[in-house]
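Student: One-letter residues, chain by chain:
Protein chains: 4
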Amino acid sequence: MAQPNIRRLRIAVSGLGRMGARHANHFLHRTPKAELVAAFTPEERELAWARENLEPWGVKIYTDYDEMLKHEGLEAVCVATVTTVHAEQTIKAIEAGKHVLCEKPLSTKLDVVQQVLAAAKRQPHLKVMCGFSRRFDASYLSAYALTASGSIGRPTILRSQTCDKYDPSGFFVAYSEFSGGIFVDCNIHDIDLALWYFSADPTSTNKKKELPKVKSVVAVGVTALEPDLAKHGDVDNGVGVVEFYDGQIAYFYSSRMNPPGQHDSTEIIGTKGKLSVNANPTTGLLESHLSTGIHRDIPQTYYDRFEHAFVEEARQFTDAVLDDKAVPIDLESSMEAVRIGVALQESLRSGKKLWFDREGKRVDEDGQARARL
Amino acid sequence: MAQPNIRRLRIAVSGLGRMGARHANHFLHRTPKAELVAAFTPEERELAWARENLEPWGVKIYTDYDEMLKHEGLEAVCVATVTTVHAEQTIKAIEAGKHVLCEKPLSTKLDVVQQVLAAAKRQPHLKVMCGFSRRFDASYLSAYALTASGSIGRPTILRSQTCDKYDPSGFFVAYSEFSGGIFVDCNIHDIDLALWYFSADPTSTNKKKELPKVKSVVAVGVTALEPDLAKHGDVDNGVGVVEFYDGQIAYFYSSRMNPPGQHDSTEIIGTKGKLSVNANPTTGLLESHLSTGIHRDIPQTYYDRFEHAFVEEARQFTDAVLDDKAVPIDLESSMEAVRIGVALQESLRSGKKLWFDREGKRVDEDGQARARL
Amino acid sequence: MAQPNIRRLRIAVSGLGRMGARHANHFLHRTPKAELVAAFTPEERELAWARENLEPWGVKIYTDYDEMLKHEGLEAVCVATVTTVHAEQTIKAIEAGKHVLCEKPLSTKLDVVQQVLAAAKRQPHLKVMCGFSRRFDASYLSAYALTASGSIGRPTILRSQTCDKYDPSGFFVAYSEFSGGIFVDCNIHDIDLALWYFSADPTSTNKKKELPKVKSVVAVGVTALEPDLAKHGDVDNGVGVVEFYDGQIAYFYSSRMNPPGQHDSTEIIGTKGKLSVNANPTTGLLESHLSTGIHRDIPQTYYDRFEHAFVEEARQFTDAVLDDKAVPIDLESSMEAVRIGVALQESLRSGKKLWFDREGKRVDEDGQARARL
Amino acid sequence: MAQPNIRRLRIAVSGLGRMGARHANHFLHRTPKAELVAAFTPEERELAWARENLEPWGVKIYTDYDEMLKHEGLEAVCVATVTTVHAEQTIKAIEAGKHVLCEKPLSTKLDVVQQVLAAAKRQPHLKVMCGFSRRFDASYLSAYALTASGSIGRPTILRSQTCDKYDPSGFFVAYSEFSGGIFVDCNIHDIDLALWYFSADPTSTNKKKELPKVKSVVAVGVTALEPDLAKHGDVDNGVGVVEFYDGQIAYFYSSRMNPPGQHDSTEIIGTKGKLSVNANPTTGLLESHLSTGIHRDIPQTYYDRFEHAFVEEARQFTDAVLDDKAVPIDLESSMEAVRIGVALQESLRSGKKLWFDREGKRVDEDGQARARL
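Order-wise, the sequence lines are chains A, B, C and D. Each residue of the first sequence is one higher than the one before, starting from 7 at the first, in this note's numbering. Each residue of the second sequence is one higher than the one before, starting from 7 at the first, in this note's numbering. Each residue of the third sequence is one higher than the one before, starting from 7 at the first, in this note's numbering. Each residue of the fourth sequence is one higher than the one before, starting from 7 at the first, in this note's numbering.
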């Protein structure tokens, strides 16, 4: 085939683990306007995969991240390594003048996220986005359009859950040391959705779509199947409630033990209606009518559920860079999601309800009480 | 027709308002083993209804509750007046030696409920039950049987909501002065379900089906449509979380503004499975496929949704009395539901998380912290 | 209780088998305006049931149908015996001056049905109705209201099925000798629905709600599980198509082998929309989320699915008699349903497509061809 | 990017109308192992589209089909022109030594389809497949796997429908002159599914997965919205029944007037269970709870519903060629689908039921009757 006479985004993927390999495939085969030119991994097993699956397509493989950043013509990086190096790699890429799509979360630590933001602000011409995949799912996008258009009045209450199929390997127990805990690892998606839908309030006179301001957070949890999680201050089932100033509430549930598979669902409840995403989960359109009743399956993993959203994320990021327009998720919002997730996890651990003033500063309950006078 | 040669329970209904009239009909026409012999109401409009609809069937109408209690042969009373006199009438009936089925709640005040329990304990041969109708719904009953049989392992998390269709008349605003607030008026059903399902834990070594013990409660809420509710410390949307000792959590949502109608749903989440009641609400089995999409209706009112449960409640109460067996809902549990509802409402008003020790005594956060050491 | 001072319909039930006992209960306990005064059965087992369940309520038991008809004050009879004596008992009751609610079908033989109609016409003051229970189901009633109000334009195509859970006892094999075959026994309900919905055509200029006129019928079938059905010219799975004059088509499926239970569903397809009844069957509002997927049950029997419709049928029949108004289902329509069912069964047996002229007379294909010129 | 060092199938697309443009995109951007090297269209508007959307990617555009076949290195052709030239182009491509994926149907005329098969047989090393997209849909594939594995016993009855959203432009009226009629244009998909699922019979001793043999077909229809269809012997709503030898029946419905959108559904009914595909249609996982009830959308077009199936079809065809394995749909089956569709359309027009012997020859009813003796 002749070389396409098309302006395509030259992108690299960093990290070729489970999600990294998928991102590589999405940019290589499912994002027509992107060209996967390089990939980085230091892992031998991932390298072997890359040699078989990427190299033949002309993708250059690197075992040194800094070297990869110097790849000729490289314009953008998709950071999909382990969470602990997300921030460092993102900052390095920004400093090398690359656009960045980083897997969520930027970091499980708020101060580290702030460093990423600071780096991004120093290079305002670069597109830097944290990939909250759920925002690119067709059903969530439709719900956003309906919310923004006023179909449900003022979005007031949001309920959202992230429930994974139980993984008996114990992976998530060990991982909880680095994951930031269930609210930062799982419910961060739900928190992000709350920020997204609440800031779409069509009744607001504020046209800037400002983020809602957290007033209080509180969380509880249990270790129903994996008591060892307690070592890291974590649980396998968590319930959290976030109260925002100006009359909006989001409440969340996350679980590591949903038997049939992945069940993530969300309700956006407004003064005139409710939008319900995935109340009635299913893999597809098939039901079996057997002597034991009617049966259906649900997606087994997060990727099974959101594969098309990940592809759409890659496309929208690519378009934003090529067309020099705002990325669909701004970094402030992603930082706020981490801040809320970290606060929920702290509330879980301490048993305390945490309070914030309108500027986002922690206040004690009495300060809060005074503020209300 | 010859007089039936059947032992039937001679019952009276007190209060013939919206629910009272329905109870009267259930005992008169839909509970074969009961005989509605009397009814009481002081309200002129209700009296007119009774003269037309009850008297011709041989039901004696009273305008004085105490007189009604003296009705010859009367064995039981269904108390369905306004909440504020539930307790007083129940106690009087008990003292007059009558079995009592009382509409929920016994009272919105915990000390008053305790008086009812004390009265009932003094007459242990009488059946006294608070009517939590949802427990008699076929789907909830099936969920209970599956929970008790171990299908979902240990019931660990319960999510439950009571969402009413918005009533623009403002009735519930005025009513909030007496209702005890949204957690006592609406979520009391959900609280009762939590007590019911959690005490069915098949993995418990405790065979007494003890009630789970509350450790903490916390609640928040907003007045999205009816700011006047704030006068009574109430809201039109509330979210509450109840943490129990020994690793169980229930979380609740209630709303007065659900546009399509009544949507009460519950999830009982266990270590091996989840039972979902009414995730996918519908009035019946009809869907309309029109140019605007696919449409279905949901029940408009609580009674539309639970009519058959109310009838079943009447039948099971009648059977319990006639067969001298335990009523399906014990009073201790109903009292506990009020205690939790009142605590949630207090948490909503104060903004504070409330703590309890295993004996049910309020402790402060530090006491709690010490208790955890 | 004092004897009610209420005008109630004094009715008897003939036959106390499975459905007869249910009808007896419906009139005794669930139809306030009816008074079950008598019941007839010659069967010893049914008699024993009646002595235990009916006699104590003051119901007089007869073992002679003619004697029962003479019961003092008797006004109406519900005929629920085996199909083979439906017609004879109905005619006798009419001739004795009683109103009659007869279980479907009046007979499996068209000439016998005609005799019933002739008898009824001789006593035009009596209410005589064949009980097609599905017409009294809430979802079907809503669909009717929507059809008649024009929501779906002109009802044009109707798809309807009656699928029973497989009964390994072989009962229905033996019964096929008398049942008239699967189209007369099962699909007769679906045929009745076609007549009902098509005659509700809101676009018709004919205000008499005339029945649609059959143009052709054709049917095929298989014996998938019970080859012995072939002895009686019957099958365990049948598909039939009925073409009406003026552009309406109904097509049917019936089965004796639906593993999860009873699945009867119907689509009324109009020029502007479709009404779908029970496309998504379920027993209630409960779903189980287990490691094997999501599961729900469906009703096990026809009665499980249509219990409330049977009760409503009893009430509407009672009201029609007491208020002297037309019964909800006219006999002409019920006769037409038998005619179509019998024709489908004949088509199944002969393999031939059968043709009718607008007056309902059989014509051969060539006559049909000529008629179309 | 370096030229991939990967063996990819060099394919061309013929016809760039609605479906052709989609096929071009699928091979260009969504089938990694294929390389779209050429495209043909004589239409000015389609050429303009191709210059903008294909040429920049290195795809050579032809306005002469024969020239395109000579494109250097071309290995395969996807024929997606108007139905009337499907066969001719397919034959030409075969004769030029190209593998062919042809849009359904090969032709609306059986003798023409036979010519295609003859051409294909002369070049047995070439892969020639007619694209019945529905076979590549994930839900239909799961249903196939369950059928073949014995989950539902012997597949005995199949119900399937193809219902399009009403297109008020009248396009399909004009198109009916060439479409072969509703059974050949729409229900051909459903017929193909019947052949597929029935030949998967796991109880069959025949391991060759032979196609089921048609015994009789019969069809009726109406012109509810578009009377002009009658000019071409066509209808806008059709019902057809196909009886196979050895106890299998398929029945079909097709409509051009489904108001909410595209609703294609299928039930495969076996002796031990039923598989239901799309009984409960929906676009995604979103439902709106508004004051008018609960609402959801369904796909608007066939492509909206089956987009991913088309992509999967392109991938599987590509893999079959590259790996030199059998294509997933064999031509005999596709020819049989046309034969049945044409017979149904003839039955619709003549009003007659048509009979076939086991060899597929038409017999008259009496011949049939004799055959049964």
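Source of the hints: derived by calculation from the structure; they are not laboratory data. Don't take each hint at face value.
Because identical chains share one entry, a pair is satisfied inside a single copy or across any pair of copies.
Keeping only pairs whose Cα atoms sit at most 35 Å apart, straight-line, the calculated DSBU-like set for lysine-lysine is [unchecked claim]:
{"#": "1", "residue 1": "Lys219", "residue 2": "Lys66"}
{"#": "2", "residue 1": "Lys66", "residue 2": "Lys98"}
{"#": "3", "residue 1": "Lys358", "residue 2": "Lys76"}
{"#": "4", "residue 1": "Lys237", "residue 2": "Lys278"}
{"#": "5", "residue 1": "Lys237", "residue 2": "Lys219"}
{"#": "6", "residue 1": "Lys127", "residue 2": "Lys237"}
{"#": "7", "residue 1": "Lys39", "residue 2": "Lys278"}
{"#": "8", "residue 1": "Lys237", "residue 2": "Lys215"}
{"#": "9", "residue 1": "Lys331", "residue 2": "Lys39"}
{"#": "10", "residue 1": "Lys237", "residue 2": "Lys214"}
{"#": "11", "residue 1": "Lys215", "residue 2": "Lys115"}
{"#": "12", "residue 1": "Lys278", "residue 2": "Lys110"}
{"#": "13", "residue 1": "Lys219", "residue 2": "Lys76"}
{"#": "14", "residue 1": "Lys278", "residue 2": "Lys115"}
{"#": "15", "residue 1": "Lys39", "residue 2": "Lys115"}
{"#": "16", "residue 1": "Lys278", "residue 2": "Lys66"}
{"#": "17", "residue 1": "Lys237", "residue 2": "Lys39"}
{"#": "18", "residue 1": "Lys331", "residue 2": "Lys237"}
{"#": "19", "residue 1": "Lys278", "residue 2": "Lys127"}
{"#": "20", "residue 1": "Lys76", "residue 2": "Lys278"}
{"#": "21", "residue 1": "Lys331", "residue 2": "Lys358"}
{"#": "22", "residue 1": "Lys367", "residue 2": "Lys39"}
{"#": "23", "residue 1": "Lys98", "residue 2": "Lys278"}
{"#": "24", "residue 1": "Lys358", "residue 2": "Lys66"}
{"#": "25", "residue 1": "Lys358", "residue 2": "Lys39"}
{"#": "26", "residue 1": "Lys214", "residue 2": "Lys115"}
{"#": "27", "residue 1": "Lys215", "residue 2": "Lys66"}
{"#": "28", "residue 1": "Lys76", "residue 2": "Lys367"}
Student: Between Lys76 and Lys367, at a C-alpha cutoff of 35 Å, which is it: within one copy, between copies, both, or neither?
Tutor: Result: close neither inside a copy nor across copies, 40 Å intra and 66 Å inter.
Student: Go through the copies and call it for Lys219 and Lys66: within, between, both or neither, with a Cα cutoff of 35 Å.
Tutor: For Lys219 and Lys66, the Cα distance exceeds 35 Å both inside one copy (45 Å) and across copies (56 Å).
Student: From the Cα coordinates, with 35 Å as the cut-off, is the pair Lys358 and Lys66 best called within, between, both, or neither?
Tutor: For Lys358 and Lys66, the Cα distance exceeds 35 Å both inside one copy (51 Å) and across copies (57 Å).
Student: Pop the pair Lys237 and Lys214 into one bin, within, between, both or neither, using alpha-carbon distances up to 35 Å.
Tutor: between (43 Å within a copy, 33 Å between copies)
Student: At most 35 Å between alpha carbons: which applies to Lys39 and Lys115, within, between, both or neither?
Tutor: within (34 Å within a copy, 42 Å between copies)
Student: With 35 Å as the alpha-carbon cut-off, assign the pair Lys358 and Lys76 to within, between, both or neither.
Tutor: neither (48 Å within a copy, 55 Å between copies)
Student: From the Cα coordinates, with 35 Å as the cut-off, is the pair Lys39 and Lys278 best called within, between, both, or neither?
Tutor: neither (40 Å within a copy, 43 Å between copies)
Student: At most 35 Å between alpha carbons: which applies to Lys98 and Lys278, within, between, both or neither?
Tutor: neither (47 Å within a copy, 45 Å between copies)
Student: At 35 Å max between alpha carbons, let me know whether Lys214 reaches Lys115 within a copy, between copies, both or neither.
Tutor: Close inside one copy (27 Å), not across copies (46 Å); limit 35 Å.
Student: At most 35 Å between C-alpha atoms: does Lys237 with Lys278 qualify within a copy, between copies, both, or neither?
Tutor: between (45 Å within a copy, 23 Å between copies)
Student: Please work out whether the CA atoms of Lys237 and Lys219 approach to 35 Å or closer within one copy, between two copies, in both situations, or in neither?
Tutor: both (32 Å within a copy, 25 Å between copies)
Student: Given identical chains, is Lys278 near Lys115, meaning Cα to Cα at most 35 Å, within a copy, between copies, both, or neither?
Tutor: between (38 Å within a copy, 33 Å between copies)
Violated hints, listed in ascending order, are 1, 3, 6, 7, 13, 16, 17, 18, 19, 20, 21, 22, 23, 24, 25, 27 and 28; each of the other numbered hints is respected by the structure.
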